[in-house]
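Listed in order, the protein sequences are those of chains R and G. The numbering of the first sequence is our numbering, which starts it at -12 and goes up by one. The numbering of the second sequence is our numbering, which starts it at 130 and goes up by one.
These are computed hints drawn from the structure, not numbers from a lab. Treat each hint with caution, since some may be false.
[Claimed, not checked] Covered stretches of chain G, going by a simulated chain R footprint (3 or more residues, C-beta under 8 Å):
| # | region |
| --- | --- |
| 1 | 174 to 184 |
| 2 | 221 to 227 |
| 3 | 556 to 564 |
| 4 | 574 to 580 |
[Stated by the list, open to error] DSSO-like cross-link-like pairs, simulated, lysine-lysine; straight-line CA separation at most 30 Å:
| # | chain 1 | residue 1 | chain 2 | residue 2 |
| --- | --- | --- | --- | --- |
| 5 | R | 50 | G | 302 |
| 6 | R | 567 | R | 156 |
| 7 | G | 183 | R | 625 |
| 8 | G | 302 | G | 183 |
| 9 | G | 441 | G | 242 |
| 10 | G | 551 | R | 217 |
| 11 | R | 397 | R | 92 |
| 12 | G | 441 | R | 156 |
| 13 | R | 156 | R | 625 |
| 14 | G | 551 | G | 441 |
| 15 | R | 397 | R | 556 |
| 16 | R | 92 | R | 400 |
| 17 | G | 597 | R | 92 |
| 18 | G | 588 | R | 50 |
| 19 | G | 588 | R | 156 |
| 20 | R | 217 | G | 302 |
| 21 | G | 597 | G | 242 |
| 22 | R | 92 | G | 153 |
| 23 | G | 242 | G | 153 |
If you're wondering where the values come from, they're calculated on a predicted model, not measured in any experiment. Where is the CB? At the ideal position from N, CA and C, for every residue including glycine.
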Amino acid sequence: MIDPIWIWLTPYLGALALAILWISGVRDERIYGGTAVGSILISALIATILTPSVYHGHLIYTKYSWLPSLGINFGTYMDGLGAFMALVVSWLSLLIAIYSTEYMKGDWGVQRYFFFFTFFVGSMLLLVLADNLVLMFIGWEGTGLASYALIGHWYTDEEETWVGDPGRKAFGTPMYFEPSHSGVRAILFTRVGDIGMIIGMALFYMITGTFNIPQISETATGWMSFLASKGVLTAALLVFSLGALAKSAQFPFHEWLVTAMTGPTPVSALIHAATMVKAGVYFMLRFSPIFYNGAEQLGGAALAATEHYFNIIALLGGVTAFMMATMALVSRELKLIFAFSTASQLGYMFLGVGAAGLLAQKEMAYEGIAASAAHLMSHAIFKAALFLIAGWAIHAVHSRFIDNMGNFSKYMKITTLSIWLAGLSLAGLPPFSGFWSKEGVIHAAQAAHLENLWFLAVFTAGLTGFYTTRAIIRVFHMPPYEPPHHEAELHEAPPRMLWPYTILAFTALIIGLVWPFGFGADFSNLISKTLGFEEPVKLAVEFNATTYGIITWVLAMVLLVPALYLVMKVDFVSILKTSKTARILHDFLYDRWYINALIYIIIVGGFIGAIDLLGYVDGFIDAFYHIGIPIAFILISKGFRSMHKGRPDLYLAYYAYGIGLLLLMLYLIWG
Amino acid sequence: MEASIPVLWISIFLPLIIGLIGLKVRDDDIEAIAYTMAATLLLPLFLVAVAAVKGLLGEGIVDPWMAHLQGIGTLALAVDGLSGLVAVGISIVTAFVSIYSIPYMRTRIEEMKEAGEAPPSLGVYFFLYSLFAVAMLGLVYSTNMVLFYVFLELTLVPSFLLIAYYGYGDRRKIAILYFVWTHIGAVMFLSGMLYYGFHVGNFDYLDVATMTPVAGTANLLGAAATYVALLMVLGLFVKMAVFGFHMWLPYAHAEAPTPISALLSPNLIGLAGYALARITLPIFPGFFADYKWVFIYLAFTTIIYGGLVALKQTDFKKFLAYSSVSQMGYMLLGVATLTPVGITGAMIQYLSHAIGKALLFMTAGVFITELHGLRDIRLMGGLARRYPLTAALALLGFMHLVGMPPTIGMWSELFIVFGLFKNVSLTAEFIPMVTLVIVALMVSAAYSFVNMRRIFYNKPRSEQATLKTETPGALQYSMLFIGIMGIVFFLWINPYYHGLLEVIHKTFLFAGIGG
């Protein structure tokens, strides 16, 4: 048996090798690309070799001592969820790495790119396989660092790497972002959540004295009842999950993900499909069964507090799903549409986990969690494909705006087929993989009696169909609104770029096709081997009137797009020019519900105010010590000097006063 | 355990002897001196590492050369778990900064000569440097307040002269300012210490025979104990530049020659934090327990205040100086929690800050040397394109300050927060404390990454920032080694953690803290 530690250690060693090569002056980009692809391939193969054993119910768990007294070890814990995540992360990253070797060819920072790419993959694999919170946190922070570096990869901030319309402002806050700015945003936004996670760890340390995840699961009733008795269980769980909310870009932390589009497009694919944003969902998948089981056994106040927590998670997920989908409706940047869509789909996953936590029946609760896991997988596959296609599209016309793209279907048949396959999977239509998983999440919301959120999720599914089709129709089947500024290279992508996304798009279809015929059951079986799953799950979609209703609604929204654009030829641009209502609505959505502006005005503005104020305070302290006190002493010295003017009569008088004072004091003390 | 040879005294005298030889060496041949001195300064690192491997950190190593003086106590040197990482921090930084100093000081001295001044030679620099370095080492090894105070004063003289000889700006005035301020701190400490020593009969704070802390002696002082403790603690606060007493630091650290800033900022001021845990805490446990929340809030004030004021700075070195104030807040926070894990975090914070801040001051120094004294952040920008290795090392430095893995900063951050939450009553204080911790840690992250961007990313904002391109040399490679140490100790934390914990548990037991 191969040691599972190699799954995450190999990419780290690859990154280390690249760092050493770079310092020793090697600059050949083929070595960098090769090392990245090679090390990720090895970890993908090891993950694949080990998974069948997990599937058959053997937990793979190895440990190397590090800080044993705190339960912090290099422990690789490969249960159903770990194996599943390792597979998704490693294989997707591999395809994206192969794509990158072509996409980043000749880039001035290609060496740095592959270093952080490999480091990113290693961190993500560590995060999903760690057996304790601290090790998981290390992977967690590693993904944060790598995303910071890769989002800001083109840190010289040329205008073509920005995101947003140059010059656009909302309430005076600029709505365009340079790569270096986006990098800082990404790391600071997610860092808020990470600190929540540190505090969560502090609580575990305080109450249980261990960071080991299986032990945390075993002792769940203990620490949960303790926190419940203090009345802070809901708050503590939320603080602990803050990292997940921030990393997975749930409201109000979603802003960083949107501007993360300044990175090279394969990085967007990596962040959205395989690493980073999936970390938060993984966290929820990992811990929600633990919370659920603990609450279930305790009942009473602990159960109520945990349900309160799951309600909040479901609400945040549902709201994020809807909010981000509306923003995607009006966006003009291809990558941005997919970015909004990612946050929206992650919202579905959080909704699924939150709803599952509210279900009284155990096997249904686990099913809800498994549905979120399934959606994570299908999203990873189709979103990677979409971003990789977007990368080629942007490269082809040298512009990130869909206004400059058009008629691609005439020149690239395979790409057109691929984007339709991936897009329809995102829309959630059968028989694509996205259908089965999204349906599972929506079903969980219904079963948990979250009527409002259920309705929101169904409505959002229609919006998803609409914005996805809009992007595809605009780019592939309509002439561009304005021709690109540079000469477009309209032909199929080179093989190393074409194949990865074609494979992914077909995978989205094939998984969907085989889902009802055994794949769904296999997936359920693997996920059933996860820590905390006390009952085996069976993911199955019931086709009833509601299901058909949802399919019809999504299909209608998908078909509405070609009807509007191609048949009725509605001119949205002039509608926007003439109608004030349309413009207000458009701007509201286009400026992302003004949330970015509010964050900048209130939080950033508040801090800037505080900084200015403290600058004055510091100046005052400085002046007090270095001007005030010296001046005081100068004055005192002047005063004393003026008393000594060489007049004996005055000296005699001082002497008399002094003696008098002394006598008085003696009298007061002894008298 | 008593060592068979006086290794600790040797590690103090060797660099000093090299420094003395250096006085006679011509400036052109100074490399030999700098490299030998670096090698000898690495001795403490080696010693502590061997002790760690052999599991001796909990027990400690005592130097066989000692003197017993009536009324003073035992003048001896020792190193144990609590001081181990502090000694390591000094050793790493002083050794590699001495190599870094060669190109830096050559340029500085030439620059001063061009300006028509007559600075003392490189030999003088390296002599003062060695004196400064070994005085800090001696301070860490000390087991007796008198010896501690002697070494404390000994750090002051060479650092004062180094600022006055080779500093920037209004350097003579600032050197005096530095001298007076740290003397205020030192004298406060001294007066408390003298009162203590005359009433107790000796000045020992570590019993070298058993390697146990002197504790419970505060009872001999009666009602005066609180005032004595206050004097000593406030004295250390001035040294440490806690909020309110921090005003001298930005001047001194910004205007010192940069290699000296890299020693002053993390190493010297952090020693006061070490002394808090080593000397005052075991002797005055009641005082620390009474003022626990005052100190915790003072620490938060220092962290947030220092961090926010740092964000306002436009001078690279002044920004780093304010960030040091902020980082000292973390150290105070760790000690103030009065929990073993919190104090462990504070001592690890010493090392992580030493490494991180040294890297950053050295980064500032690279640009001062190569880009004609460029230190105004407003004129920087885009430097990563021309200085990729320096940029990478600066990022590593910032990661130490923020507490991101794979740097040792992560451990200090985690342990200090763990220690803090051991004190938090969940019912009433949970949410306020969570908010405070988030704000404090976010301020550190904000000033780090915002300034990383201002300095290294975007486009150059002046001609001056585009004058040269990096050719990695002594400047960068000495930084690289310091940076690697931060990762090494991140991975190899176990023996140090246990050494620290063992000594702190012993201290708590003797001082009767925490039941």
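How the hints compare with the structure:
| no. | hint | result |
| --- | --- | --- |
| 1 | 174 to 184 | violated (count 0) |
| 2 | 221 to 227 | violated (count 0) |
| 3 | 556 to 564 | holds (count 4) |
| 4 | 574 to 580 | holds (count 4) |
| 5 | 50/R / 302/G | 58 Å, violated |
| 6 | 567/R / 156/R | 18 Å, holds |
| 7 | 183/G / 625/R | 65 Å, violated |
| 8 | 302/G / 183/G | 49 Å, violated |
| 9 | 441/G / 242/G | 33 Å, violated |
| 10 | 551/G / 217/R | 15 Å, holds |
| 11 | 397/R / 92/R | 27 Å, holds |
| 12 | 441/G / 156/R | 25 Å, holds |
| 13 | 156/R / 625/R | 60 Å, violated |
| 14 | 551/G / 441/G | 34 Å, violated |
| 15 | 397/R / 556/R | 20 Å, holds |
| 16 | 92/R / 400/R | 24 Å, holds |
| 17 | 597/G / 92/R | 27 Å, holds |
| 18 | 588/G / 50/R | 47 Å, violated |
| 19 | 588/G / 156/R | 22 Å, holds |
| 20 | 217/R / 302/G | 56 Å, violated |
| 21 | 597/G / 242/G | 22 Å, holds |
| 22 | 92/R / 153/G | 56 Å, violated |
| 23 | 242/G / 153/G | 21 Å, holds |
Figure legend: structure checked against the earlier numbered hints; hints not met, in rising order: 1, 2, 5, 7, 8, 9, 13, 14, 18, 20 and 22.
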